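Engineer: Each chain, written out:
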Amino acid sequence: MSTDIYTQKAAEALETIRSKSPLIHNITNFVVMNNTANALLACGASPVMAHARTEVEEMAAIAGALVINIGTLNQKWIEAMISACRKANDMGVPVVFDPVGAGATKLRTETSMRLVSEQSIAVVRANASEAMAMTTQAGATKGVDSTHSVDQAAGAAREIARELRTVVAITGPEDLVTDGDTVLRVSGGHPLMGKVTGMGCTATALVGAFIAVEPDPMTATAGALAYLGLAGSKAALGCNGPGSFQVALLDALYNLRPEDLATCGAIIVG
Amino acid sequence: MSTDIYTQKAAEALETIRSKSPLIHNITNFVVMNNTANALLACGASPVMAHARTEVEEMAAIAGALVINIGTLNQKWIEAMISACRKANDMGVPVVFDPVGAGATKLRTETSMRLVSEQSIAVVRANASEAMAMTTQAGATKGVDSTHSVDQAAGAAREIARELRTVVAITGPEDLVTDGDTVLRVSGGHPLMGKVTGMGCTATALVGAFIAVEPDPMTATAGALAYLGLAGSKAALGCNGPGSFQVALLDALYNLRPEDLATCGAIIVG
Amino acid sequence: MSTDIYTQKAAEALETIRSKSPLIHNITNFVVMNNTANALLACGASPVMAHARTEVEEMAAIAGALVINIGTLNQKWIEAMISACRKANDMGVPVVFDPVGAGATKLRTETSMRLVSEQSIAVVRANASEAMAMTTQAGATKGVDSTHSVDQAAGAAREIARELRTVVAITGPEDLVTDGDTVLRVSGGHPLMGKVTGMGCTATALVGAFIAVEPDPMTATAGALAYLGLAGSKAALGCNGPGSFQVALLDALYNLRPEDLATCGAIIVG
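Protein chains in written order, with our numbering: chain A, 1 to 270; chain B, 1001 to 1270; chain C, 2001 to 2270.
Keep in mind that the hints were calculated from the coordinates and are not lab data.
It cannot be assumed that every hint is accurate.
Stated by the list, open to error - Simulated coverage check for chain A against chain C, where a stretch passes if three residues somewhere in it have a Cβ under 8 Å from a Cβ of chain C:
| hint | region |
| --- | --- |
| 1 | 211 to 218 |
| 2 | 222 to 230 |
What the hints assert, rightly or not - Not the full set, but computed from the structure, chain B residues with beta-carbon under 8 Å of chain A:
| hint | residue |
| --- | --- |
| 3 | F1030 |
| 4 | Q1075 |
| 5 | G1103 |
| 6 | G1238 |
| 7 | V1247 |
All values derive from a computational prediction rather than experimental measurement.
Ideal placement from N, C-alpha and C gives every residue a C-beta, glycine not left out.
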């Protein structure tokens, strides 16, 4: 696919999300639940948060996508995440995973590695250090860090995707999306996004919305990131800091037109 | 009572809330806790969130109203909800219930039906599908959906209130409040309210604030909904999307004057 | 130290927070997690929320400060708080404690008293009634309430700090910070801060950020409160209510320059 095809398909996915309002089942952290729900609503999707062992399977089964985020986890939540994943896998519901804080504590690193190895995860969305923490080859993957060159980062991202056997999105000033072979680079966004909690979690949830309507994980992921990046760039215009940026971002996600996304040129192959 | 009496009494309740700051004990979901607390503060009430089995009875006993919301529940929370309800019932503290997601999973539907049948609930605030899910006569209550005529919806709402033996508020583009006999229709609000998470939960919490100072459940409920609807209409003026709408809504709840509510004409009998 | 030295040191602390981004480990309540994280980010710190028994020690050990807040607690969380405190004490990581709702229920009062007596707490940040609830001498400490004179309040605050054997910050229209001997009075802020949930929790978290870079608890605490008060005063200019105030506050925390803090004159000895 040429580059413009990716943004074109992202625009089509956005239109479909708005017309069909896919249900996105989130098992996510306490810090961002509200932002995540609002970002999904602004995009056009229907968010639901549910984490009880006794209902996650039922909820995952009727969802268009399942989003798992370990930002504030404990043992009970891990069990619910695994039950929900297994059910989603059985039902063909795509699972998107956000390994928040992998590398910071054993609990997070091990939970992340376990989920990715035992379950079928369509996309892992992480920052560079979290992605590296999930691999056994720290050496080979170190280059994904934003202090390295674009080519080094792309190579390292490929290594990570191959080891995790899934599509990996490593977000930062520029986002990389790869299945271990093709690498898509997604530009956009604004430095203020790093000053608002849960922006990465929002990205992950939006990948959930896009993958609910666009079956190709690479296309869905790059599309969601281009959409968030474009909204972020627009939101930053005329805002005064991270408070007003957050408000403007929800407005921008809501108001962004598919044709703006189709022509934004944010996705580049390679 | 004539129609104007309802908005007049709503205005008086709002004044009392602002002068007495009733304590509203919420056992609610993680997604909306912050919004709910802020809406109650903007209204003039004193919110408290507490869910531990070991403290809910003590908290419910000193509250002006107890608000139960099952948006993100699990077994432990259900037990705390029941303990708190029982204590509130013993102490004459009115209980308002929000069956978030009833119908979506067994856990939610059964918990909702159990709470309403075992405890004394003053008001159930729900959307149409949640309200229908709580009744055993799906057929008779189907008409409450907003796709049906006003008269069909009113008839179905009455059926639901009779079966649940409580005042029921079914919110949507137009809200219906009924005790199974009289039906009050409350207008106001704005479509953007459906694009912000937790608007229904905010409505339920505000019913808690009003019922803490206005003993008649019908009057308190219709008053709270008229107040929120009026604030929503005002907030929508000049906002750019769901982000700025949320901000403007809190400002509007805070700034709305009792005399504006008294004369808004939002409550109609029948 | 003269008064100007305190704001001068606050300004230096703010600069250090922005350049070093200390990791602040929060075990806090569900209502404010998002606000707390955003306030810490706006200040320049790196917030993390983690509450699982199996990871809190690891997280506390790598943090610049540990912030404990009992706003929505249960037995499991209490155990995690104690484990995290103990580890922080062992590692020399300062602990800041917010006894939300102490006095309202036994669980909260007893947990607060237990934490302060068993662990080494650098600073307790509370409102007057919470601080009084933690002491055994209700009589002696009653005067800390804002209905009493400045001198009575200062005397009562000193008593509380002596009994709790820690620095105590009692916030209200004017904040008092004392180690039982010196009393610092911090002015600033705006009445709208009482209409937004979690402002006290934000204050506590910011004390965590300041104490991570400024070892003297009195200086760090007064500095953090002066910073929040100054940002609150600025945020209130031109805002329309508690919704727009919250947004403006995050912007103000982000934009406030160290030189503004150095010269604000908000801290007075005595």
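Engineer: Evaluate each hint against the coordinates.
Structural biologist: Each hint tested on the structure:
| no. | hint | verdict |
| --- | --- | --- |
| 1 | 211 to 218 | violated (count 0) |
| 2 | 222 to 230 | violated (count 0) |
| 3 | F1030 | holds, 5 Å |
| 4 | Q1075 | holds, 7 Å |
| 5 | G1103 | violated, 11 Å |
| 6 | G1238 | violated, 12 Å |
| 7 | V1247 | holds, 6 Å |
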